[in-house]
Every structure is written in structure tokens, then in C-alpha cells.
Amino acid sequence: MHPAWIAAIAAGVVAVIVIGIYNGLISKWLETRNAWSQIEVQLKRRYDLIPNLVETVKGYAGHEKETLERIVQARTSAMAPGKPVAEQAAAEGQLTQAIRGLMVVVESYPDLKANQNFLQLQEELGATENRIAFSRQHYNDSVGVYNTARMSFPANIVAGLFRFESAQFFEVPKEEAAAIQQAPKVQF
Amino acid sequence: MPETFRDLIAANRRNSVLLMTLFVLFAALVALILSLAILLSIMPDAPLEETLSHALGVGAVAAAIAMGLVALSYFEGDQLVLGVSGAVPLEKAQDPQLYNVVEEMAIAAGLPMPKVYLIPSDAPNAFATGRDAQHASVAITSGLRNKLTREELQGVVAHEMAHIRNLDIRLMLLIAVLVGTIAMLSDFFWRVLRFGPTSSRSSNEARDSDGEKNKGHPLLTAVIFVLAIVLSLVAPLLARLIQFAVSRQREYLADATAVEFTRNPTGLADALSKLEADPTELKLANEATAHLYIVNPIAKFRGLSETLFSSHPPTQDRIRRLRSLAGERAEPRA
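If you read the protein sequences in the order shown, they are chains A and B.
So in the working numbering, spot 69 of the first sequence is number 69, and the numbers just go up one at a time.
So in the working numbering, spot 116 of the second sequence is number 116, and the numbers just go up one at a time.
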């Protein structure tokens, strides 16, 4: 075979391989972006549950004003747009703390605990926390998949050529963690 | 260093690839030999190249027929299976907790939310179906729903989502095509042998214009025939055995992937213990759908799970592997 033909075929094969690797990296990277936005979605779902929760509890434990107000405050604060990332994380942590505080208070109201509506809300709140946790887990898993692919041979060559950067793992921001570490403030 | 679920997943994937490669090569070889034999018995005097290309044609036709039958299953199979099992679609409002558990697992797996179905039966069992993640369904029996804790339910649902993500339904369908092709060719070969033109005519009689090319046919034909007879008896059985082996391998993989989703091997391990101990039989399941369920729904077959003919690995073994991931000893909780 003419050497020019061999070179052309070899170049074609290499091109196909490079395209395949590139597309693989892109789709893994996009999955990390998708997973990241999922976390936001789950965090925001919490806000919708709070008003109903407050109303239900008021019916049975109306004089637990402080606890209820704290939740409403925390929700408003978390929902406020335009905060820097650290502040937002702290606000989410405050909301988690406020909800937990309410759950502790509820323990002393057996009627409330037996209320169907409240039980459903409790399940929803628990499920929301699970969804937030799993969406963070999935984000970290997708980051692991992408980074592993990016650093493996021969993909690392393509990654270097096209300047694919490594993705960051999610860690619970220290502001949020700090807010959660404190024991819930409860007044009986 | 103790095994993590990632090690288990990697090992399982390697085994699957190995099994599938061997199976495809085996199927191709069997198809080739049987097709050759069929053609040689019809046209013993044809030149070798012609016979070979015709053989490939016969094999291709058989595969096409098998694929056609399976294509129906591929596109409509999930509705069929759901209908046969008596599954009823579930709305979130009917059982929010179950719906939430499925949604949590979909998020952890990075998959779209599957359709959720409930099977009205006391027998605790579950299955997943659907050709890919966008068209997936998960079905749970009411028995399983009521007998398991939330943590155990999560483990079972994670196992089913694992089947969806690992595209096991599609894989088993592909294997069904291969098994079907081999069975069809074996059957066809025997029919041709019994009812077709006899192959006893000596090929030394006829020398066509190609002359020299027909020399050496008698020995080759005889060898191919012997191989074909042996294969037509053995291959369908062997293919089924490989099919069961792959199914078992994918069950282990689904268990390990479920741990990847939940990060909690105990949930699934406890669920499997409960399922194993429950003697209630799932009435609407039969042998055709048994492989889809999380434990073999036909209780008397569970004992046979030590054999090569089981679609599921022994439950005790699955529990043991899960508990070792959790760092617990292999004995179940009291």
C-alpha cells in the first residue's frame, strides 16, 4: 500500500479514538454539572414544606412561639437571593438546625405526633434531608468518575490537550457544619 | 486490605465481559458449524467457499429471526411483564414513603425517576424492567412493602435501580437472542438430517466444473457432521448454563452497585434475610419471569440455587458478601 494511504488511515483511526475520548470526558463533566444543580433543587424543596409544617404545629403547640418563629426566620433568610456562597451555606445550616429544634419540641406533644398530617410532613422532611444527602453523594461520585477518567492514560493526553480541569469534591461548608454542630436550642 | 464495593463491582464487570465474550465466540462457532452441516447435507457437492458463504447466510437468517422475536420483547416486554405480574401503577399520594424511597435511589444513581408499580401479593418480592433508564419501571409487592423497614426497602429498591443502571435487562435480552439462535439452528439441523436430502451420497461421484476443489470433502464433511451432531445435542444446554451463569453474575453486581447507591450494605442484607425466610409464594410468577425478581419467587427452586441452573446466586452467599462489606461477621442479626 502506498505510504500516504497508510498514514491517512492511521490518522483516521487516531482521530476516531481522540473524538471518542473527548466526548467521553465531556459527558462525564456535564454529569458533574448536572449533579451539582440537583443539590440546589433538593435544598430548595425544603422551603415549600415549612409553611405547612408551621401551620400544623401551631394547631397543637401554639405557644411554642420561639421555636416556630426561628424556623420561619431561617427559611426567609435561606430563601433570600444574592448571598455569597459561605453565607448561603450558613443559612442552610441554620434552617436544618431550626427544623431539628422543632422535632425535639414536638416530642412532648403526643397528639401532634399522632396527627396524620404531621406524620406525613415528618416523612417528607426526612425524605428531603435524604434527597439532599444523596444528591451530594451522587455529585461526589460523578466527580470521582470524571477525575478518574481525566487522569487515566490515554485520556490524560486528550484532557491536557483540550484543557479539561479537575472537578472539586463537595464538602459540607464549614459554616453549615458549624451551624449544625451546635445542639438545637430548645426552650420548654 | 478489605474489599470495598468498588472492588466487587470491578471484579463483577470483568467476569461479565469474559463470560459474554466467550459466549459470543461460542455462539458464533456453533452457528457456523451447524449451518455448514445443514448446507452440506442439502448440497454435499458444492464448492467450499460457496458452502461457507451460504452457511453464514443461514446463521444470519436464524439470528435475524431470533432478534425479531426479541425485538418485540425489547420494546413491549416491560408492559407485558408488568401486566402478567398484576402490577398496578402507584401515585405518590397513595404511598409517599415508598415513592420517596424510589426517588432517593434515583437521585443517588443519577437516573431519571422510574415508574413505580405495586403488585398486590403477600409474597415479598420486587423486580425492575425496561430497556433503558428512560423507560424503566420498578414493581414492588405489597408483601415486601409491608414487611420491610424503610432502610431495608431502600436496599431492595437500590438493587432494582442497579439493574436498570447496569442495563441488565438489555444484556439478558441479548443473551436470549444468542440462546434462541443456537436452539433454532440445532432444531433445524435435526429436521434437515431426518427429513432432508440424505448425505450418504458419495461426493466422489460428482465432479463439477471446479474439479479439484471437491477433493478432501468427504473427510471435512464427516468431521463437520460429527461436530454438528455433538453440538446440536450439547450446545443448547451449554448456552442455557452460560445464560444462568451470567444472570447470577449480574445479581452479585446489582448487590454491589446497590451498596454504591445506599452506602449501607446492612439494609439490603437484612432485607435478603427476611425475603429468604419468607415461604409465601408469588402466584403470578412463573419460570419465564422468575429471573427478574430479587429472589427466586418460586420457593421450591430456592433450594436448587446451589446448582448451575439457578438464575440467582444462593441468598446466603449474597448476604455473606454484603455483611463482609459492612465489616460485620457473616452471621445474621438475631
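Do not take every clue at face value.
Stated by the list, open to error - Okay, derived cross-link-like pairs now, EDC-like style, lysine to aspartate or glutamate, Cα gap no bigger than 20 Å in a straight line:
1. A/K58 with A/E165
2. A/K28 with B/D132
3. B/K274 with B/D132
4. A/K83 with A/E171
5. A/K113 with A/E55
6. B/K147 with A/E123
7. A/K44 with A/E87
8. A/K58 with A/D141
9. A/K28 with B/E260
10. B/K92 with A/D48
11. B/K147 with B/E260
12. B/K147 with B/D278
13. A/K65 with A/D111
14. B/K92 with A/E124
15. A/K44 with A/E175
16. B/K92 with A/E129
17. A/K65 with A/E107
18. A/K28 with A/E165
19. B/K147 with B/D122
20. B/K92 with A/E175
21. A/K83 with A/D111
Since the hints were made in silico from the structure, they are not lab data.
Please read these numbers as outputs of a predicted model, since none were measured by experiment.
We went through each hint and held it up to the structure:
With a C-alpha separation of about 51 Å, the suggested pair A/K58 and A/E165 falls outside the 20 Å cut-off, and the hint is violated. The suggested pairing of A/K28 with B/D132 holds, with an alpha-carbon distance near 18 Å, which does not exceed 20 Å. Only pairs whose Cα atoms come within 20 Å are accepted, and B/K274 paired with B/D132 is rejected, the gap being roughly 29 Å. For the hint pairing A/K83 with A/E171, the CA-to-CA distance comes to about 19 Å; that is within 20 Å, so the pair holds.
Of the pairs offered as hints, the one joining A/K113 and A/E55 holds, with about 14 Å between alpha carbons and a cut-off of 20 Å not exceeded. For a cut-off of 20 Å, the pair hint linking B/K147 to A/E123 stands: about 18 Å separates their Cα positions. The hinted pair formed by A/K44 and A/E87 meets the criterion: a straight-line CA distance of about 15 Å does not exceed 20 Å. For the hint linking A/K58 to A/D141, the alpha-carbon distance of about 41 Å lies beyond 20 Å, and the restraint is violated.
With a C-alpha separation of about 18 Å, the suggested pair A/K28 and B/E260 falls inside the 20 Å cut-off, and the hint holds. A hinted pair counts as satisfied when its Cα atoms are at most 20 Å apart, and B/K92 with A/D48 qualifies at roughly 17 Å. Of the pairs offered as hints, the one joining B/K147 and B/E260 is violated, with about 24 Å between alpha carbons and a cut-off of 20 Å exceeded. This hinted pair checks out: B/K147 and B/D278 have alpha carbons roughly 10 Å apart, not beyond 20 Å.
Among the hinted pairs, A/K65 with A/D111 is consistent with the structure: their alpha-carbon atoms are about 18 Å apart, no more than 20 Å. Distance check on the hinted pair: B/K92 and A/E124 sit about 11 Å apart at the alpha-carbon level, within 20 Å; holds. Note on A/K44 and A/E175: the hinted pairing holds, with a Cα-Cα distance of about 18 Å set against a maximum of 20 Å. Restraint check for B/K92 and A/E129: the C-alpha separation of about 18 Å stays at or below 20 Å, so the hint holds.
For the hint linking A/K65 to A/E107, the alpha-carbon distance of about 16 Å falls within 20 Å, and the restraint holds. Restraint check for A/K28 and A/E165: the C-alpha separation of about 12 Å stays at or below 20 Å, so the hint holds. The suggested pairing of B/K147 with B/D122 holds, with an alpha-carbon distance near 9 Å, which does not exceed 20 Å. For the hint pairing B/K92 with A/E175, the CA-to-CA distance comes to about 35 Å; that exceeds 20 Å, so the pair is violated.
Between A/K83 and A/D111 the alpha-carbon distance is near 39 Å, which puts this suggested pair outside the 20 Å criterion.
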